[in-house]
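A.B. asks: Sequence:
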Amino acid sequence: MTPSDPVAKLQEIVAIPTVSSPDPDLTPTAEFDRLLAAMARLWPRVHALEVTRTGTHGLLIRWPGRAAQPPAAQRSPAQPVVLMAHLDVVPVVAADWSRDPFGAEVADGAIWGRGTLDDKGQVAAICEAVESLLGSGFVPARDVWLSFGCDEEVTSAAARAAVRELRARGVRPWMVLDEGGAVAGEAFPGITAPVAVVGVTEKGLTNIALTVTGGGGHASTPARNGPAVRLARAITRLDRTPMGARIPGPTIELFRRLAPHAPAPMRAALGNAGRLGPAAGRLLALAGPEAAALARTTFAVTMLQGSPARNVIPATATAGVNIRVLPGDTVASVLDHVRSAIGDDQVNVELIEGEEPWPVSPYSVPGRGDEAFDLVTGVISEVFPDAVPAPFVVLATTDSRFFTAICDRVYRFAPFRMSKAQRATIHAANEHLGLDAFQAGIDWYRRLIESLPEG
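Under numbering that gives the first Met the number 0, the letters of the sequence shown match residues 0 to 454, in that order.
The set of hints was computed from the structure by calculation and includes no laboratory data.
Remember, it's a predicted structure, so these values are computed and weren't measured experimentally.
For each residue, glycine too, the CB sits at the ideal point set by N, CA and C.
Hints may be right or wrong, so weigh each one.
Label pairs and their in silico Cβ distance ranges [stated by the list, open to error]:
(1) Val92 - Asp373: 21 to 31 Å
(2) Glu355 - Ala231: 28 to 38 Å
(3) Gly169 - Asp435: 37 to 47 Å
(4) Pro90 - Asp344: 34 to 44 Å
(5) Ile425 - Pro221: 41 to 51 Å
(6) Glu355 - Val89: 21 to 31 Å
(7) Ala428 - Arg266: 29 to 39 Å
(8) Leu394 - Thr315: 30 to 40 Å
(9) Ala404 - Arg239: 32 to 42 Å
(10) Asp407 - Ala231: 38 to 48 Å
(11) Leu394 - Arg446: 19 to 29 Å
(12) Gly169 - Gly243: 34 to 44 Å
(13) Gly273 - Thr301: 32 to 42 Å
(14) Gln345 - Pro277: 25 to 35 Å
Let's have the full structure, built from the sequences with the hints guiding it.
C.D. replies: Rendered as structure tokens:
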């Protein structure tokens with residue numbers, strides 16, 4: 000029997016532990032098979048559309064719009080819209096959870112479980128909106144494609160496959176919409192209004208390895224400046240020497256939109272952030288880790304390797320550094336900064352992988368609008384009238400970054416209200432999505448699709 004309640008449908012797919020892994024042998028293939036079978040049963044009209052598999056378990060679904068039907072189809076086809084989300088989730092440490100992470104329990108006005116926010120809640124909201132519109136006989140103004148990746152948390156192979164498929168078909172989307180932003184409560188100090196942040200770009204994701212090689216030996220006879228000590232000094236130097244702070248264009252526009260909602264002492268500073276230049280960036284960098292990440296490229300030491308035993312001096316010591324590159328910086332400038340900050344040619348700096356910051360999609364500023372961005376923010380204002388819609392730079396990475404190869408307007412926004420405490424549960428314990436927030440997200444996608452302009 001197919002549940003008719005949207006919450007029951009979300010519960011069913013959250014309860015399936017589709018934890019992705021970079022190692023194919025560790026991927027729970029059977030669970031992904033079960034998820035796809037459940038989705039086909041829960042949203043049968045969606046799956047009666049043209050469905051293409053991408054990667055191992057990704058889905059690319061085409062819903063033809065009015066522009067694809069005669070006589071409109073005789074003209075040049077309208078550029079479609081792509082709505083994205085992903086089916087995989089990150090692992091859990093069950094002992095940290097107060098509820099079963101795959102129990103999909105409804106309690107305290109929310110549904111609890113891994114993936115409710117990241118990102119099965121968005122999958123279910125999209126499918127539910129499309130299913131209901133199909134049931135009413137609605138036909139969108141232009142084609143709508145649904146792209147659901149199965150490995151966003153690890154490799155994004157399915158997203159890249161979806162891009163290849165669309166390119167092979169000659170499809171160049173008018174707009175792509177993925178996860179990334181949200182209707183964020185308690186987002187900025189002193190501002191009580193929720194901020195509906197729409198990501199217009201992402202930081203580049205770069206990983207490097209710092210390695211020091213030297214003489215190992217017995218811990219009873221240590222030499223000065225051994226590999227571990229030298230590596231520790233390099234890490235400390237890098238931590239004490241951040242890259243310069245500055246505010247990119249989307250953040251300046253975010254602050255301009257927030258200024259009227261800020262306490263009086265903050266209004267002038269926010270409203271004039273663009274004129275303050277580097278000084279505004281330095282002030283933002285002092286306002287805590289989240290604010291600092293908006294203003295500069297960040298370095299996080301994540302993996303350390305050295306001796307295999309407590310009484311053995313390592314011959315080689317290595318640190319992994321995860322870097323998020325702010326638009327305006329480059330991988331090359333980051334590597335130059337790392338080498339300069341460390342100041343030790345005995346520390347080898349190896350580039351493991353390097354992504355440049357992604358292109359900035361158009362957004363509206365005074366005197367210059369953009370139809371697609373204004374559509375997204377206009378529907379935000381309809382469904383969430385108390386929220387301040389604004390562009391921002393996404394600090395993490397999403398599948399949508401690969402779609403910038405075929406689309407100029409790639410936005411990142413999940414239409415869910417999320418408190419600061421909720422946002423902290425993403426990739427952590429006790430992830431949960433409010434029931435009212437879930438329903439509002441469904442309404443938001445319905446309204447967005449109904450409002451699509453003719454091509």
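A.B. asks: Has the hinted range 34 to 44 Å been met by the Cβ atoms of glycine 169 and glycine 243?
C.D. replies: 43 Å, holds
A.B. asks: Tell me if the beta carbons of glycine 169 and aspartate 435 are separated by a distance inside 37 to 47 Å.
C.D. replies: 41 Å, holds
A.B. asks: May I ask you to test the hint 21 to 31 Å on the CB atoms belonging to valine 92 and aspartate 373?
C.D. replies: 42 Å, violated
A.B. asks: Are aspartate 407 and alanine 231 spaced within 38 to 48 Å by their CB atoms?
C.D. replies: Hint holds: Cβ distance 45 Å, inside 38 to 48 Å.
A.B. asks: Given the hint of 19 to 29 Å, check if leucine 394 and arginine 446 actually sit that far apart at their C-beta atoms.
C.D. replies: Since leucine 394 and arginine 446 have Cβ atoms about 28 Å apart, the given range 19 to 29 Å holds.
A.B. asks: Can you tell me whether the CB distance of glutamine 345 to proline 277 sits inside 25 to 35 Å?
C.D. replies: At 33 Å between Cβs, range holds.
A.B. asks: Cβ-Cβ distance between glutamate 355 and valine 89: within 21 to 31 Å?
C.D. replies: Holds, at about 25 Å.
A.B. asks: Do the beta carbons of isoleucine 425 and proline 221 sit within 41 to 51 Å of each other?
C.D. replies: 43 Å, holds
A.B. asks: Look at the Cβ atoms of alanine 404 and arginine 239 and judge whether their distance stays inside 32 to 42 Å.
C.D. replies: About 38 Å separates the Cβ atoms of alanine 404 and arginine 239, which means 32 to 42 Å holds.
A.B. asks: At the C-beta level, are glutamate 355 and alanine 231 separated by a distance inside 28 to 38 Å?
C.D. replies: With a Cβ separation near 30 Å, glutamate 355 and alanine 231 satisfy 28 to 38 Å, so the hint holds.
A.B. asks: When you take the CB atoms of alanine 428 and arginine 266, is the distance between them in 29 to 39 Å?
C.D. replies: With Cβ atoms ~38 Å apart, the hint holds.
A.B. asks: Hint says 34 to 44 Å; check whether the CB-CB distance for proline 90 and aspartate 344 agrees.
C.D. replies: 39 Å, holds
Checked against the numbered hints given earlier, the structure breaks only hint 1 and satisfies all the rest.
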